[in-house]
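**Q** So the chains spell out like this:
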Amino acid sequence: MQTIRINGITRIEGHGKITIQLDDHGVVQDAHLHVLQFRGFEKFCQGRPFYEMPSITARVCGICPISHLLAGAKACDAIMGLRIPEPAELLRRTVHLAQITQSHALSFFHLSSPDFLMGWDANPAERNILGLAAKYPDLAVEGIRLRKWGQHVIELLGGKRIHSPWIVPGGVAAPMTEATRDEILKSIPDALGIATRTLEFFKHMMEELSDEVETFANFRSLFMTIGRKDGNLCLYGSGRRHEGRLRFADADGHIIADNIHPRDYQQYVGESVDSASYMKAPYYKPLGFPNGIYRVGPAARLNIARQCGTPLADEALNEFRQRFGNVSLSSFHNHYARLIEIVFAIERMQQILQEPDILGKDIRAEAKANEAQGIGIIEAPRGTLIHHYKVDGNGMITSVNLIVATGHNTLAMNRGLRQVADKYISGRTVTEGALNRMEGLIRSFDPCLSCSTHADGKMALEVDVLNADGSLQQRIARE
Amino acid sequence: MTEKARIATLWLDGCSGCHMSLLDIDERLLDIAGKIELVYSPVVDAKEFPENVDLTLVEGAIASDEDIEKIKLVRSRTKLLVALGDCAVTGNVPAMRNNFLLEDVLHCGYVENATDNPGTPTIEVPKLEPKVIPLHELVPVDLFVPGCPPSADLIFFVLSEVLAGRVPDLATQCHFGN
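First to last, the protein sequences are chains A and B. Our numbering applies: residue 1 is where the first sequence begins, and numbers increase by one. Our numbering applies: residue 1001 is where the second sequence begins, and numbers increase by one.
Treat the hints as calculated values from the structure; they're not laboratory data. Ideal placement from N, C-alpha and C gives every residue a C-beta, glycine not left out. Please note that a few of the clues may not be correct.
[Said to hold, decoys possible] Output of the computed footprint for chain B on chain A, the stretches with three or more beta carbons under 8 Å from beta carbons of chain B:
#, stretch
1, 4-11
2, 47-60
3, 101-113
4, 142-153
5, 280-289
6, 338-345
7, 405-415
[Claimed, not checked] Distance windows between CB atoms, simulated:
#, chain 1, residue 1, chain 2, residue 2, range
8, B, P1118, A, Q267, 48 to 56 Å
9, A, D422, B, E1048, 54 to 62 Å
10, B, G1165, A, A179, 38 to 46 Å
11, A, Q322, B, T1172, 57 to 65 Å
12, A, G395, B, N1117, 28 to 36 Å
13, B, N1098, A, D182, 31 to 39 Å
14, B, K1131, A, F201, 24 to 32 Å
15, B, H1136, A, L185, 46 to 54 Å
16, B, I1123, A, D422, 39 to 47 Å
17, A, K186, B, G1034, 55 to 63 Å
18, B, E1161, A, Q267, 51 to 59 Å
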């Protein structure tokens, strides 16, 4: 038996390691993702006032702090037992769409596109955003500008790009000015132009990526998202509209569980501890562990959605379905789905900004803790995010459970790693390009390992292929 | 500086917000790209921390045996070591677990909040330290850049000063809460 360790997966948001077990003939026996840090938010938030939770849990993740601010605020809304005012909801949805755009842009341009454009086997020293800028300056600049656009909208609304204190229990902290609304509206055509050009470009590139589509976690599983009544793509889950209930579909796209109120999530979602990772593995409880494997995120959302609900995104989704089927079983399609969702996010933001209530001054409802617990669920860029808090009579936190988007994909990422290893790793030598594809599989999920252990990090890599007696057979290092 | 400056970034126990703030310098990233060589970072594929690094920006606090090993290696190979952001500077959010026993923190995550196979992970994962500490409690730090996260402008100021061959003076550049 031999073990290959990819110790320090790069170009992902977090701190992970992959191990691949080979038998004596060099045949892959197993592959596993290990998440390497743990911070303990679920414990150290105990004893804090509940209304601090959005700002504290924003620090779970600097990439998608808006996700945690929103899920946390929704959980607090539930603890207060109130419905937030319409302007507040429109503003929360706006900032969420800005975040979806910036986070998806980061995943596509900064982290993953070097693999497609420079090549999976390219010189590792150049296979990054700066290498991309040297070779494809136009595309790199567009990627930087699109991420900047999303971050700038967040800053205009929240005063700060990262860890903004603007999203609060009961609503938001300040209304939107007419000048801000107009500035964002004016910038939308440019952002939408970048998004549609990138989608067009990637569509043509897909022909060269059929091996990746075939092997990057391409298998049957369940899918989960939150839903809207009309069946269209749902990201925020409006409480005022009674949306945002959990929805599960099978590998054929049939809805198998629907309209699950956030307070009932524990009847459907269990969490199994993986003894070799600080990331837990959620599963669909009715099928048990590990049969209850399901996936979340952009491709899962589009598999379940009837339509997106905006013109250009719907056109793109229809074209995608004509080409790849109504249900895409390959997680490589997350990249394509991310680009469709960026188009959707910008189009939807344009619609929301034109609602008369967007400039409303009624932006925050106030109450003390009226319920013993609250659960907030949204679709983060990477998938479904669940915050569950319990409080005592003073509104002090007594219990916290966070189930983050990346966690839901744990079982699928491990199965996907096995699939890629089976295809690209055999015999006794392993190429750097094969290992980069293993990391590429993980990148297709855009995992946020910061989020998933409520921890983070990353580190140096050396890959050792060990013999059964533990002696070194081969070492692959990247300079 | 005629030769390209060898810059690295390291991510320990933090949320990546400081790295995101670094990316928030946006197009200015491309302006300085010609003057630097990014030799190690979560956003590039180098896996081994190289020798002779001019500047390393370190995000995050020290929380595990692996963090200790990494920061010692990085310190020994770096001329100017920067504690980037409140977690590196003070311990900040990761250090909030210091109020509790580590075993209680782990029990909460992996026993109380688990429905299958409860128990603390022990295979292939780093060992957590009982207390989370800021960088300077373990290694000498040359520059402290506070903030949660430090703003993109502040990070750009630090980079610009270093590239101009100066040690940045932050006293007039940042204040608490920003």
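**Q** Next, verify each hint and record whether it holds.
**A** Here's how the hints hold up against the structure:
Note: the stretch 4-11 of chain A has 4 residues with beta-carbon separation from chain B under 8 Å; the three-residue rule is met and the coverage holds. Under the rule that three or more residues need a Cβ within less than 8 Å of chain B, the assignment of the stretch 47-60 of chain A holds, with 3 such residues. With a threshold of 8 Å between beta carbons, the proposed coverage of the stretch 101-113 of chain A by chain B holds, since 3 of its residues qualify and at least three are required. Judged by the Cβ-Cβ criterion of 8 Å, the stretch 142-153 of chain A is covered by chain B as claimed, because 5 of its residues qualify and three suffice.
Beta-carbon proximity to chain B at under 8 Å applies to 4 residues in the stretch 280-289 of chain A; the threshold of 3 is reached and the given coverage holds. A count of 0 residues in the stretch 338-345 of chain A with a Cβ less than 8 Å from any Cβ of chain B is obtained; the coverage claim is therefore unmet, three being the minimum. Given as covered by chain B, the stretch 405-415 of chain A fails the check, having 0 residues with a CB less than 8 Å from a CB of that chain where 3 are the minimum. One distance hint, 48 to 56 Å for the beta-carbon pair P1118(B) and Q267(A), is violated here, with the actual separation near 19 Å.
Distance hint check: the CB atoms of D422(A) and E1048(B) are about 28 Å apart, inconsistent with the given range 54 to 62 Å. Distance hint for G1165(B) and A179(A): a CB-CB separation of about 41 Å, consistent with the stated range 38 to 46 Å. Checking the proposed 57 to 65 Å range against Q322(A) and T1172(B) shows it holds: the Cβ atoms sit about 59 Å from each other. A beta carbon spacing of about 34 Å between G395(A) and N1117(B) agrees with the range 28 to 36 Å that was offered as a hint.
For N1098(B) and D182(A), the Cβ-Cβ distance of about 47 Å falls outside the hinted range of 31 to 39 Å, so the restraint is violated. Distance hint check: the CB atoms of K1131(B) and F201(A) are about 49 Å apart, inconsistent with the given range 24 to 32 Å. At about 47 Å, the CB distance of H1136(B) to L185(A) agrees with the hint of 46 to 54 Å. In this structure the supplied range 39 to 47 Å is violated for I1123(B) paired with D422(A), their Cβ-Cβ distance being about 23 Å.
Between K186(A) and G1034(B) the Cβ separation comes to about 32 Å, which falls outside the hinted range of 55 to 63 Å. Checked against the given bound of 51 to 59 Å, the beta carbons of E1161(B) and Q267(A), roughly 56 Å apart, stay inside it.
In summary, the structure is inconsistent with hints 6, 7, 8, 9, 13, 14, 16, 17 from the numbered list given earlier, while agreeing with the others.
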